[in-house]
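Undergrad: Sequence:
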Amino acid sequence: QVQLVESGGGLVQAGGSLRLSCAVSGRTFSTYAMGWFRQGPGKEREFAAGINWSGSSPYYADSVKGRFTISRDNAKNTVYLQMNNLKPEDTAVYYCARIVGDIPVGSWGQGTQVTVSS
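Take the sequence shown: its position 92, counting from 1, is numbered 106 in the numbering used here, and each next residue is one higher.
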């Protein structure tokens with residue numbers, strides 16, 4: 015079973031930046047799309063960003079477009095989320111997952127907490 019381990023979260027002031035990482039086990043990482051999701055306090059989990067198997071086609075939710083950048087390194091089985099100009103409303107637990115479109119499939123990791131203070 016594929017295992018996902020997110021890291022890189024923390025506490026940051028509004029306007030700051032963080033880079034999240036998601037390490038994925040298994041030999042087929044380079045064959046499927048990956049995405050980042052987030053779940054804020056009292057909210058449902060929502061799609062934030064996705065990237066195709068090769069890394070050539072990133073796509074984003076409107077709420078993060080222009081501020082977040084998703085990327086991947088297939089040699090390291092890792093997907094990243096660079097988050098710039100963070101806002102308090104970005105406060106959430108961030109998760110990565112294998113995706114089809116913007117739909118998560120398979121297992122979740124434990125997530126990483128991002129807290130943005132105003």
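Careful: at least some of the hints might be erroneous.
Derived DSS-like pairs: lysine-lysine, alpha-carbon spacing no greater than 30 Å straight-line [said to hold, decoys possible]:
1) Lys79 to Lys90
2) Lys79 to Lys101
3) Lys79 to Lys57
4) Lys57 to Lys101
Simulated restraints, written as ranges between beta carbons of each label pair [unchecked claim]:
5) Lys101 to Pro72: 19 to 29 Å
6) Gln27 to Val119: 30 to 40 Å
7) Gly115 to Gln17: 21 to 31 Å
FYI, nobody ran anything at the bench for these hints, they're computed from the structure.
These figures come from a predicted structure and were not determined experimentally.
All residues carry an ideal CB built from backbone N, CA and C; glycine is no exception.
Undergrad: Hints first: check each against the structure and report whether it holds.
TA: Hints and how they fare:
1. Simply put, lysine 79 and lysine 90 have alpha-carbon atoms about 25 Å apart, close enough for the 30 Å limit, and the pair holds.
2. Between the alpha carbons of lysine 79 and lysine 101 the distance comes to roughly 13 Å, so the proposed pair stays at or under 30 Å and holds.
3. Under the criterion of a C-alpha separation no larger than 30 Å, the hint pairing lysine 79 with lysine 57 is consistent with the structure, at around 20 Å.
4. Between lysine 57 and lysine 101 the CA atoms are separated by roughly 16 Å; this keeps the pair inside 30 Å, and the hint holds.
5. At roughly 20 Å, the beta carbons of lysine 101 and proline 72 sit within the given window of 19 to 29 Å.
6. The hinted range of 30 to 40 Å is satisfied by glutamine 27 and valine 119, whose Cβ atoms lie roughly 35 Å apart.
7. Between glycine 115 and glutamine 17 the Cβ separation comes to about 23 Å, which falls inside the hinted range of 21 to 31 Å.
Comparing the model with each numbered hint stated earlier shows that all of them hold.
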